[in-house]
Amino acid sequence: MIYWTALQAIVWREALRFIHQRERFVAALVRPLIWLLVFAAGFRAALGLSIIPPYQTYITYQTYIVPGLCGMILLFNGMQSSLSLIIDRELGSMKLLLTCPLPRWWLLLSKLIGATMISVLQVYAFLAVAAGFGIKLPAFGYVAIAPALMITGLMLGALGLFLSSFIKQLENFSGVMNFVIFPMFFLSSALYPLWKMAESSVLLHNICAANPFTHGVELIRFAAYLKWNFPALGWTVFSTAIFTALALWGYNSARSSKS
Amino acid sequence: MNGITVSGLTFSYGTRTALSDVSFDIGRGRFCALLGPNGAGKSTLFSILTGLRPTDTGHVTIAGHDIATHRRAALAQLGIVFQQPTLDLDLTVRQNLSYFAALHGIRGKERAKRIDAVLERLFITDRADDKTRSLNGGHRRRTEIARALLHDPKVLLLDEPTVGLDAQSRKAITDHVHDLTIDGTTVLWATHLPDEIWDADRLVVLHQSRVLADGTAGVIRGPRNLNDAFLSMVSP
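Heads up: the sequence lines are chains W and S, in that order.
First residue of the first sequence: 1, per the working numbering; consecutive thereafter.
First residue of the second sequence: 1, per the working numbering; consecutive thereafter.
One chain only, chain W, in its complex shape (with noise of 0.2 Å):
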């Protein structure tokens, strides 16, 4: 029992932190509707799209580029959680959590979920928006899409709790951005389907399909349209488990270290 009482204080205070925090909640959704809205607006012309998987025929690229902006959202926020760890760390609310008399693995769990439902909270504010704007999914698409978006997001938290566990401050966050989140959309098919990448480049390509970040877009533009996209899932389960040993390993080394 105290284990699941401590996870709903755990998600409750992430709930109150986002709540409290309405700038980083117009900032989560404004990025990805500039892309959307402007960027997708303007390359509309540029890029021709062939029918792909899992769509049967053809369409705007505000359409493709809806999962990819999803993951968009998934991915910064999880960067930014691990981000407020780095800041709880130097406050002492890390050193709160970390004495509390339950297991750190259920502790750093606690703290990855909460962050990935008010990431899961923050696409389905942005799928609204553009449902606004007359970008649309299929209904049921917008229900399929929930597991998908979770998985993904835990999947992308933990390897932002992996890195918190190696950032000692807070300036070299600006690291995080140039080294993991830029490269980690940018080599992915969140803005163009990887047949096109391979025209370019075969070595982009090949980069492209191993991200981690590239099978969680893709689950989520499967589960969109209701189909199931095996390898995706099973990439993406597989690289949660990765981060998330990684990350319990990163807090539990840092907690050893003597440094």
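Derived by calculation from the structure, the hints in this document are not laboratory data.
From a predicted model like this one, the values you see are computed outputs, not experimental measurements.
Accuracy of the hints is not assured; some may be wrong.
[Unchecked claim] Here are the computed lysine to aspartate or glutamate pairs in the DMTMM-like style, where the Cα-Cα straight-line distance is at most 20 Å:
hint, chain 1, residue 1, chain 2, residue 2
1, S, Lys154, S, Asp183
2, W, Lys95, S, Asp88
3, S, Lys113, S, Asp152
4, W, Lys95, S, Glu160
5, S, Lys171, S, Asp199
6, S, Lys171, S, Asp195
7, W, Lys95, S, Asp90
8, S, Lys131, S, Asp90
9, S, Lys154, S, Asp179
10, S, Lys131, W, Asp88
11, S, Lys109, S, Asp152
12, S, Lys113, S, Asp126
Given the structure of chain W, go ahead and fit chain S onto it with the hints provided.
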């Protein structure tokens, strides 16, 4: 059973020794001051006592539970006031306390009852629904202490809890924490300010990673005031 037992504790950061064969024990319901200049090893000792750092050599028990082998049982009996603030400034005092109580598995009516009790105990009931951001330093510290007492710990650790407070707030908090021992709580109070220590208190002086003195504060200071006695002990 002792509140805290520290035996043969040694800890190093690489080649730099932070604690060298530190031993002391504090009986149940005693107030013990841990006095030492900056860099004496107090913070390292606190990290080990709270399970945040592992022990190199030696043992630590909290209310009879070894922190290395029975970490969770030891932490369940431990209330901690860290030097750094732990409160979420955007939440009210009650929300902050509620969050912490939940982390200790306290729920429902019991949670509300305990929150009311600690608010009353620390004389901050009237600030319960204020955001912590609006509290002054003294009230924030009281809220931290209230937080640390929520789960009714047998042992209370405070790491320089009066840092940055004015003289009046410091005295009020020092007096209050001394009073906590009446109901059997063991208190370890780390400080570098001798005026926070009473003559009847147990005193452990830590200097350059070693225990320099251990006894009753009044006896250790002798005819001098504690400040002078402390300065003469730690002067090169």
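Verification of the supplied hints:
no. : hint                : verdict
1   : Lys154/S x Asp183/S : holds (10 Å)
2   : Lys95/W x Asp88/S   : holds (13 Å)
3   : Lys113/S x Asp152/S : holds (12 Å)
4   : Lys95/W x Glu160/S  : holds (16 Å)
5   : Lys171/S x Asp199/S : holds (15 Å)
6   : Lys171/S x Asp195/S : holds (9 Å)
7   : Lys95/W x Asp90/S   : holds (19 Å)
8   : Lys131/S x Asp90/S  : holds (6 Å)
9   : Lys154/S x Asp179/S : holds (14 Å)
10  : Lys131/S x Asp88/W  : holds (18 Å)
11  : Lys109/S x Asp152/S : holds (16 Å)
12  : Lys113/S x Asp126/S : holds (16 Å)
Taken one by one, the earlier hints all hold for this structure without exception.
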